[in-house]
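Protein chains in written order, with my numbering: chain L, 1 to 171; chain R, 1001 to 1186.
Note that these hints are calculated values from the structure, not bench results. Note that this is a predicted model, so its numbers are computed, not measured. Warning: the hint list may mix true and false statements.
Stated by the list, open to error - No more than 20 Å apart at the CA atoms, straight line, and that leaves these computed lysine to aspartate or glutamate pairs for EDC-like:
{"id": "1", "chain 1": "L", "residue 1": "K16", "chain 2": "R", "residue 2": "E1139"}
{"id": "2", "chain 1": "L", "residue 1": "K134", "chain 2": "R", "residue 2": "E1173"}
{"id": "3", "chain 1": "L", "residue 1": "K27", "chain 2": "R", "residue 2": "D1006"}
{"id": "4", "chain 1": "R", "residue 1": "K1033", "chain 2": "R", "residue 2": "D1006"}
{"id": "5", "chain 1": "L", "residue 1": "K134", "chain 2": "R", "residue 2": "E1169"}
{"id": "6", "chain 1": "L", "residue 1": "K156", "chain 2": "R", "residue 2": "E1167"}
So the chains spell out like this:
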Amino acid sequence: MSDKKSDIHQDWENAKFSMPENKVKKKAGSGGIPDVILQRAEVLIEENHHVDFNPFAEKYLSNIEQSLLELIENNYVSPKSMTTISENIMHLKANGGMFGYMLVSYVADIALNFSDNQKIINEDFVKIIKAHNKTIRLIISNKLKGDGGNGGNALKEEFYNAIVRFNKKYM
Amino acid sequence: MAYEFDKIKILVVEDMLPILGLTKSVLNVFGFKNLVSAKDGSEAFEVFCEENPDIVVTDWVMEPVDGIQLIDMIRNDQRSPNPYVPIILLTGYSNRLRVEDARDKGITEFLAKPYSARDLFTRLVQIIENPRQFVKTKEFFGPDRRRRKNENFDGVIKRHTDEITPEQEKLAEKIIFEMKKDTKDV
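Just chain L, with the same shape it has in the complex (with noise of 0.2 Å):
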């Protein structure tokens, strides 16, 4: 056994358990909400469209931009610049999906596993988040609404073709 998990298992033999009080539960009571107020409060989500994202999404977007500049002055090393890209995607599949553009959380979210921890940072990797934030620009500008249905799916499948593509070639 290596030191870290002897150390791991000294800890949780020295552990102590506790159940703390269920305040919430005493307040709360029980019986669970109308299925009404459910669809009431999911469709306070899904009609969420009177403020603009693309304020939020253009902002999201030149952070990725600025910070691939950097990484090719850098030659491709830059772990700080790394971090605001994925950051900065992750802020979009989290937030597009909230205004109405569910698509652009799914695209958002095929880059952002391919971003996250990337370890072959090369220009074919600029190109494809490159192409990831004009695929975005698009969706927002054209105003596709919702996860853009048949056609919303072949543009998720194209998108992670192109990273499938990416994975074969350096991997």
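Got chain L sorted already, so can you dock chain R onto it with the hints?
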């Protein structure tokens, strides 16, 4: 009979104001009337100490103090009025390493964004009906990171695919064409 959420106080922490407003509105529709909020982890800890909420719902990535640092303060700072408070972490990160990282920092529940109202409600129900025991070791204080399976959990109903117009289909094709052009050399 139904849950009485009006007696419960929730602290919502989110730096993106429209999402903060939306989350509070969703909680309000569920029946929570006692909502307090903050725009980053630093402000949130002040509010937490002052208001002593029953539940905390917090975003992860914020500045200058993020959600993970906030959770650390809630669980381990001497000033914390309730280190056992249930905490739901909201984030766009959803890969296994990130989830494990968050879990190891002391969260109670994890909710990936974008979330549906049903997803959020499911996490709240877990807190009410399936609370976690707490573990204290030299290295960690927080909810037990293991959870037994809840046999009665039905899961979340998936969002169905939207219907789109022929114009939108054409638009999607145009976007695909652009993407193919940009990645053909990869």
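To see whether the hints hold, each was checked on the structure:
1. K16(L) <-> E1139(R): holds, 12 Å
2. K134(L) <-> E1173(R): holds, 14 Å
3. K27(L) <-> D1006(R): holds, 9 Å
4. K1033(R) <-> D1006(R): Holds, because 5 Å separates the two Cα atoms, which is no more than 20 Å.
5. K134(L) <-> E1169(R): holds, 18 Å
6. K156(L) <-> E1167(R): Holds - the C-alpha atoms of E1167(R) and K156(L) are around 18 Å apart, at most 20 Å.
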